[in-house]
Amino acid sequence: MAVQTRHLRPIWQAKIRRAVLPRYFRLSGKAFFLLIVLAASLLALMALAQTGRVVAAGWQLRELEKKEQELLWEREELLRQIAEAASPAELERWAQEHGLEPVKPEELIFIPLPSEGLSQDKESGSSLAGKP
Amino acid sequence: MLEFSLQARRRTLAIIVLLSLLALALFGRLLEIQILRQGELIARAEAEIRGLEKFPIRARRGHIYDAQGRPLALSKKSYTLWVDGPTFDGTPAAIAEVGRLCTAQPREILAEIMARKPITGTYCCAYFLDPTTVEGLQKAIENRELTGVTLLVEPKRYYPYGELVASTVGFVQRSNSPQTNLSGEFHGVSGIEASCDRWLYGEDGWVSGERDPWGDPIPIGEREEHPPTDGADITLTLDLNIQYVAYNRLVEAVQRWDARRGDIVILTPKTAAILALAVYPSADPNHPEDCAGAACQMALYGNPPVTLYYEPGSTMKILTIAIALEEHVVGPDTVLTYTTTTLCGIPVSNWNYQFYPEESLSEILLHSSNIGAALVGSRIPPKIYYRYLERLGLGRPTGVELTGEEERPFRRPSENGESDTGGPRWTCADQVANSYGQGIAVTPLQLASAIGAVANGGNLMQPHIVQAIGRNGVITPTVPVLRERIFHPETCRNVTEMLAAVGDTKGPDGGPLIPGYRVAVKTGTSKIPIPELGRYEEYRTIASAVLYAPADDPRFLILVRIESNAGTLWGEEAAIPVAASLAEFLITYLHIPPSTGTGGMP
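These protein sequence lines are chains A and B, in that order. Going by my numbering, the first sequence opens with residue -15, and the numbers climb by one from there. Going by my numbering, the second sequence opens with residue 27, and the numbers climb by one from there.
In short, the hints are calculated from the structure, not lab data. A portion of the hints provided could be inaccurate.
Stated by the list, open to error - A few chain A residues that face chain B, going by a derived Cβ cut-off under 7 Å, partial list only:
hint : residue
1    : 60
2    : 89
3    : 95
Using N, Cα and C, we set each Cβ at its ideal position, and we do this for glycine too.
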């Protein structure tokens, strides 16, 4: 059905288009009701799915927070183990087990580095550093 | 075609009827919930869902580390056990398990809870339960063998090295009583835990939102959250290895001499960074509730090297001679000649009752001559002498980041002749006694800091124990603070040379204390005053020794103080061996090369 509407004012053009073109508005009462129910069900399903997702994300967040707490506690426990393993008493016991003894000052050997040799090393080092 | 159309119509009708019934049922249910049972359900929800009250989120308390990054204080997972009177029930075995763990409530309440009498209220039954202890209880709750019982995770402060660093690190206590199912606030009571509490504690956050009966947030409910700022981690200048050796040497000495107590301060003279603060007897900060005796209380709540004043005895002579040299009332080569032992009307005697008619400054320190030190001290104009002692920080808080420092002014001459301290008026006899370290009180840290100024060339540094504060990966180091320049380097060189001469004779056979190294040493033996009686104890003494090495460029300064139990204890016999043994350890530990011209390595 072709209707010439160009000569009409725009508001009348719109009213005629709305009356003529969307034929699906011309459904029977039953079909329209069915369509409404289906649309409402779809919306309800979408809302349910969305709520489900939020709840699932909430649970996931809670689980992650719990895991974070557990990891923090694990870190504390590891620190405690480090403290015990690196304690001076433990190191002393380990050293004694391996036959180590404390060094006395007179047993220390210091090797003096000649200042000339040190500067030469520095120079040679810098020249080496310049090589490709 | 007609049949098909009829069938289709029937099916459509059936679907419509079905969906309509469903919609009707939903509508009916909505009607019931929203209108018919509205009042009842709102009341039930309000009872079950915790409202929009703010729940605190506790900030994680920061750690305390030693200079090498070993944790001195951290948090440990523990559980608090809560029992809800009205809903408490379960199997006999599970109830017996609760009864075994419950120790925090009075027996009568516990008995009522155990008998499942209808009592109201929720009771905190036990604190700080170890995770392994509550495993059985957790299973019982999970298996629904127990109701009305809640286990809440709560951090417990844990000190891995216990009494080794108890005085310095301190401990924390709950600041509020747990009336609700919330963990209380833990704040430092002593030591670094108290002095750095504002950094360690951080800032609590809060969450506001709907929660279910178990306290868990409802995900689709209203929720607002302000996350907590965790506490900062504190790194100390204290080195646990040095602390360990110092503590062990101190324990040996106190036990060997049957002494009452003792403490050791080790610091770096150039920066006044504290390397060790050993105290014995000590106490376990993990169990402050078990601390009953005075010594234990002093170790845990006070920090004797920082707070406990004592008369320093002969170690004070170092400062007297340094002040005299700085003021040019004597020179390094001055030889004092004297015929009397009565100064300012008081008789002065040496520790061994020997009399030396002529003594150089070096010999005064070598003999530890009270008469010589008193004579040198008397030559310094009183106001100038006490002004120096004040500038050296004696009797005043040092400003170290530890709690408990107090001011204890000493008597000094005043403009109007009245006493500044409210006690007896100052007389010149005070200056005589003060010159050799009696009649004036200092803390070991004050004295170590003041002698540190002599050791480092004249700069009074502020003692410090906090090396850095770290938060969120950002580390803020502390900077050594120069409080005042007191002495000229020349004065310090002269005094150090005299003290090194003492060190050259304190070895086992009268030789150097540590072969190959020049070590500046001074011992002290001081009487203990009884303020109420206005006199000194007859026999008891405090033996002490100050040592810094190497003399020409000191890397460490040690102050040892040992308080005798009943008899007299001499610094020479009790304190010097401890200081020397520690110096030997520190020389090897810090890789200090031998001094030149001492028979050591060239």
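Each hint tested on the structure:
1. At its closest, the beta carbon of residue 60 of chain A sits 5 Å from a beta carbon of chain B; the interface hint therefore holds under the 7 Å criterion.
2. Restraint check, residue 89 of chain A versus chain B: the minimum CB separation of about 5 Å is within 7 Å; hint holds.
3. Taking 7 Å as the C-beta cut-off, the interface hint given for residue 95 of chain A is violated, the closest approach to chain B being about 9 Å.
Going down the numbered hints, you'll see the structure goes against just number 3.
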